[in-house]
Amino acid sequence: MATQPPPPRRVAALLLVLVAFASASASDSAARADLVVTRADRRVDLTSHIVRVLTSLKVENIGPEAVSQVLLAFPNVQAKNLAAIRAFGTEGKVKGPSTALPIEVVQPSGVPPELTFFSASLSKALEKGKTLHLDVLTVFTHSLQPFPEEITQAESQLVVYQDSAHYLSPYPVKVQTLSIRLPGGRVESYTKYPNTKLAESELKYGPFEDRPPFSYSPMVVHFENNNPFAVAKEVIREIEISHWGNVQITEHYNIAHGGAKLKGEFSRIDYQSRPYVRGVSSFRHLIARLPPRAHSIYYRDEIGNISTSHLWSDSKKTQLEVEPRFPLFGGWQTTFTIGYGLPLQDFVFNSDGKRFLNITFGSPVEEILIENLIVKVALPEGSKDIEVSVPFPVKQWQEVKYSHLDISGRPVVVLEKPDVIPEHNLYFQVHYRFNNISLLREPMMLITGFFLLFIACIVYMRTDLSISKNSPSYLAKVQWDEVQNIIQQIQAIFEQCLALHDKLEASLRDLSRSGDVQSCKAARKAADAQFKELAKELKPLLTSLHSSPQSFQIWPKVEDLVAKERELQEKLMARHSTVVDSFEKKLRGQDVENRIATQQQKVAALRQEVESLLEYISEII
Amino acid sequence: MAEPESSTAAAGAGGSRLRNAFGGVLCAFTLLLIGVLAFSIRLFSVIKYESVIHEFDPYFNYRVTQFLSKNGIYEFWNWFDDRTWYPLGRVIGGTVYPGLTLTAGTIWWFVNSLNIPLSVETVCVFTAPIFSANASWATYLLTKEAKGTGAGLMAAAILAMVPSYISRSVAGSYDNEAVAIFALIFTFYLYVKTLNTGSLFYATLNALSYFYMVCSWGGYTFIINLIPMHVLLCIVTGRYSSRLYIAYAPLVILGTLLAALVPVVGFNAVMTSEHFASFLVFIILHVVALVYYIKGLLTPRLFKVAMTLVISVGLAVCFAVVAILVALVASSPTKGWSGRSLSLLDPTYASKYIPIIASVSEHQPPTWPSYFMDINVLAFLVPAGIISCFLPLSDASSFVVLYLVTAVYFSGVMVRLMLVLAPAACILSGIALSEAFNVLTRSIKCQLAKLFDDSPAASGDSSAESSSASTASANSAKNENRSEKNETAPKEKPSKKNRKKEKEVTESVPAKHKKEKKLLVLPMEASVMGILLLIVLGGFYVVHCVWAAAEAYSAPSIVLTSRSREGLHVFDDFREAYAWLSHNTDVDDKVASWWDYGYQTTAMANRTVIVDNNTWNNTHIATVGTAMSSPEKAAWEIFNSLDVKYVLVVFGGLVGYPSDDINKFLWMVRIGGGVFPHIKEPDYLRDGNYRVDAQATPTMLNCLMYKLCYYRFVETDGKGFDRVRGYEIGKKHFKLTHFEEVFTTHHWMVRIYKLKPQKNRVRGKLKKLKSGSKTSSTIAAGRKKNPWQ
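Residue numbers (this note's numbering), protein chains in the order written: chain A, 1 to 621; chain B, 1 to 789.
None of these hints come from the bench; they were simulated from the model. Every residue gets a Cβ at the ideal spot worked out from N, C-alpha and C, and that includes glycine. Honestly, I wouldn't trust all of these hints.
Mimicking DSS-like on lysine-lysine, the simulated pairs with C-alpha atoms at most 30 Å apart in a straight line are [as the list claims (entries may be wrong)]:
| hint | chain 1 | residue 1 | chain 2 | residue 2 |
| --- | --- | --- | --- | --- |
| 1 | A | K58 | A | K263 |
| 2 | A | K263 | B | K756 |
| 3 | A | K503 | B | K445 |
| 4 | B | K664 | A | K401 |
| 5 | A | K263 | B | K70 |
Computed list of chain A residues with no C-beta within reach of chain B, every gap over 12 Å [what the hints assert, rightly or not]:
| hint | residue |
| --- | --- |
| 6 | R43 |
| 7 | E65 |
| 8 | S119 |
| 9 | V175 |
| 10 | L262 |
| 11 | F283 |
| 12 | I306 |
| 13 | K401 |
| 14 | I407 |
| 15 | F434 |
| 16 | L452 |
Working from the sequences, and respecting the hints, build out all of it.
Have a look at this one:
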């Protein structure tokens, strides 16, 4: 508990003073408005840690003038904890449709400073003799004080509630009752007045009759309340609108158990064996009612996902049960984050050219008291003319948030409100203008980015980025390219030569098969011609290669290659002619073999060398 | 596996250029897919669990990265962390390898400057997968240097999913190794590239890459010893060249200077023995260079004379140098080799002398099954890869072989270094597979060509000129030959698989010089079968890798799951405890636990710890170990003297979580006893075993660890049955006098106790236990169960 309520004794003393003062100045204030409360019924709900008081008043104007406002008084200690006050008025005897009345804090002159006054302005002034039904709902936080303030794991939590048995009003009250609903269970003690009754879980005071203005008689009830005292120190609720179709909501909670603090050990064995006895004051889960069609729900904290949660959803609601990592005992706290997405069309609407977001203000978690709620509405980039309408006063300012490739940033409307209770879960609106074209900004940016990247790649690949065209390394590179080119051509020529060799061989084989000497000779002639042609082709290449300064490394090899190839050519031709000759002479195959055997070996060796040279050259390049 | 089959139809210069371009694009696309594969196979942990930092060390790195991203680089260098090693603290900036942190920090900064709102955690989680994609590309480059594009692609694909590397680089495993393996391979690539090209540009890049490696991981000493070894090998085998000089000399000079810039290395770069080999080889290299220079100047006769002269003088100089080196080693601040390095050379060193090193599971020697688990079929392919590296042996392939041999040795010493072996195994297996595919597909092609050749002959057409079919087949044969050569060439040469990449314009000239390759041509059926078998083998490998990635290595170890009939059950106790600590204790409270949980406690709970996973102070750890193995009162006094408010123990007995503190207890006793002799291991042993059942020794049953683990445990089932140990505990009902339970998680896996406040009357000093006259002989624990696995 962050705010420590004043100790009970002091309050009582203060109230006694107040009562004394009140009786002295009764006539004074009665003169201010000639109203009389003919009947006041108060119902106080103490079942949760948020105290709700519903006061039904029947107010009659007995003065001569019409009255347009009704004053409601609260002691300062109560007013400090007042989270919400609403009044509904109905004129006439019969309860008809009631209208909400605007309420504001007033400071009438001549009233005791220990009191805070609210004035409910009537929509229509109350004429003389007329009666008004006034229902006032007041919600108080931090009004249940744990007593004792520290309990052990097995004890249940006892709290104290203080109020006045009589309705505190600046007007005389004719008949009044007070009924207090307790959560059930043990009631330690309560202030006994005449006409006090405790039945079941309801404590009744009254009826009391004819009390003067400002009558106050303190009452205290000390009872057991084990309902979760879930108090959020701070909740940050981020609402991010994406016009691609999603409203993303992220809520960061910092939750504590606001009840009596745990004293001594926490024993898991006790807690596990009998959780509802040994751990009765703790709570282990919270229920959040999310809007229907909520999707992509997550529940985590700063160290990762929390796996203990359950989700039910139907067409009306989505119910999320979140269980913190550990059960919360008095004074323990934890943090977590809930996030979910909502369909855009459910919450963002168009109205005459403007769009507006219509969404609830408070947190979806049930029966939680938020000491400080910050709602941040991040509108899409490029939103203009932002207006906010909230049904209650909030602190409000604007921020800019950068996310997802933003350039100018998203406007963020920040609303801050202390002491938020479920009653504040009202719809609020954020109006803004937004052009749909802006949606395409980020995709276009990405497309442009990648386009430029590819263009840059192409340019880089195609352009010559060397700084100086005269630098030796550049020249060397150019020359080397030339050399490579020449070498490739030379290689091609040699490949052709080798192919010709193969053809000659083939013709010889054909010869041995078919015995067609003429065709064989023709083949040789053709090959010879081709060889010459190739040699002619080779010559300019060789000279240019020789002249190139970059070829010093490769030149000897090429030279060698040329020589070897020529030799090979000669040998081949010689062998070819030998074979053909011997064929013409009709020599036996054996003899032919013998004759060309040595040549054959040489040819094979040369061929090997030529091939290895070719390989070597191709390796160098 | 899917190697791009080229069509041999294209003919002519224009066609082949188009084919080159197509091949280049196909190769790039394959690489991109390999990168995607490497990235996505590591996402199982995110899909099956969540995007969360894993294990222990990554939490520290994550915390450092958070600090860096919040406070900037200068604050980071000057960061003195007072939340750990209380009351000593730790100078983070000077004791951490900053490579990983700076990398992730830079990525985070870059992404956020583009206004993409990624959290530091997300960036950290995905750093490892990103860098494993980089590593597989680096593998491609390195293998391409050694054996050509085909082998490169193969090796990259294998590395992308090798389980050994996956184990250290799944998403969330935010550890140094994740980026270091990339840096390692890339440094090797640049070294080999420099060796092949002799380009000073690559040499400079190599030094920078080495610098990055030094920034990233202590394993950089592997590089600075392996490269000198290779240089020495080249010199000894007469492969000295100016390229070798350029590859090595700048690396030593620039690399050492740059390494000395890293605060954690500093002067160690010149003062510890790990680096001496590089300087020695540097000197040798210069001597050899000088000899080669002189050899060029002199005639062979004169050279011989000079050699004899120089050798006699040189020997004397050598002795002097060796003497100086020995003196340097002896006088260096670490007295020669550091403990971890020594345990590399002598595997039994650590377990003999340094229990804190021996206690880390990663420092145990691996078992045979772990080889099969971690590199799977690669273990069988590697020998084939070695053989093909010797056909022919080039500088690059000899480097790869040397890398493999040394890595095999180191992985045999320390299971953690299996990680260094994995890339070598991948490279060699890639080479082996690529060669095998090469031989088999070529055989098939030759057979097909023969079929084509024969069919016209069989039809009786005896024309001398072969038809276009034979041209094509000859062309393909020629291409095969060429690619065969190219692959053996050390240079950047396209292989058969990607011969579209060939730079030179190939004229389609029939050439039939395939006779010499005839030997390698296998029968059609055999080659088809071989290819099928290889594909099946690859399939098994892929299946195994996916299984390993999905099942074995993706658990974050802070969240445990078990499958039961009702479905998945999640044990999230660690985070439950850390969250409780972080929200419900005072921000300056000190938490004592065994050192394993130090990093996690500081990172997740943000509480000051006494010891953590950076085991730099043995005495401090021994103090905690002593406290854990002392009786309650003595432990309270030790903890109180350390200002400890909470004690955290991990207990698996209720749910059967085996790596809990009772199983680690032997190390607490051993490490504690190593410094404080009143803790005697035999006191805790019954028949050479640590037992906590009825047979347990009274010392064991009275020590703090036992009491904190089993406090009120008997009330869970009435018997106190410990599911990890599989028996009932010895002492069931007892009360705590000096500690009180403040929190126990849902499955009792983490229990947190608070020191009870001091009584009014304080006796004061810790009562020294009377130590017996017997010397505490270290009895080898009979049950050498490794509690870390």
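Do the hints match the structure? See the list:
no.	hint	verdict
1	K58(A) to K263(A)	violated (48 Å)
2	K263(A) to K756(B)	holds (13 Å)
3	K503(A) to K445(B)	holds (22 Å)
4	K664(B) to K401(A)	violated (49 Å)
5	K263(A) to K70(B)	violated (37 Å)
6	R43	holds (37 Å)
7	E65	holds (59 Å)
8	S119	holds (43 Å)
9	V175	holds (51 Å)
10	L262	violated (9 Å)
11	F283	holds (15 Å)
12	I306	violated (7 Å)
13	K401	violated (9 Å)
14	I407	violated (8 Å)
15	F434	holds (19 Å)
16	L452	holds (15 Å)
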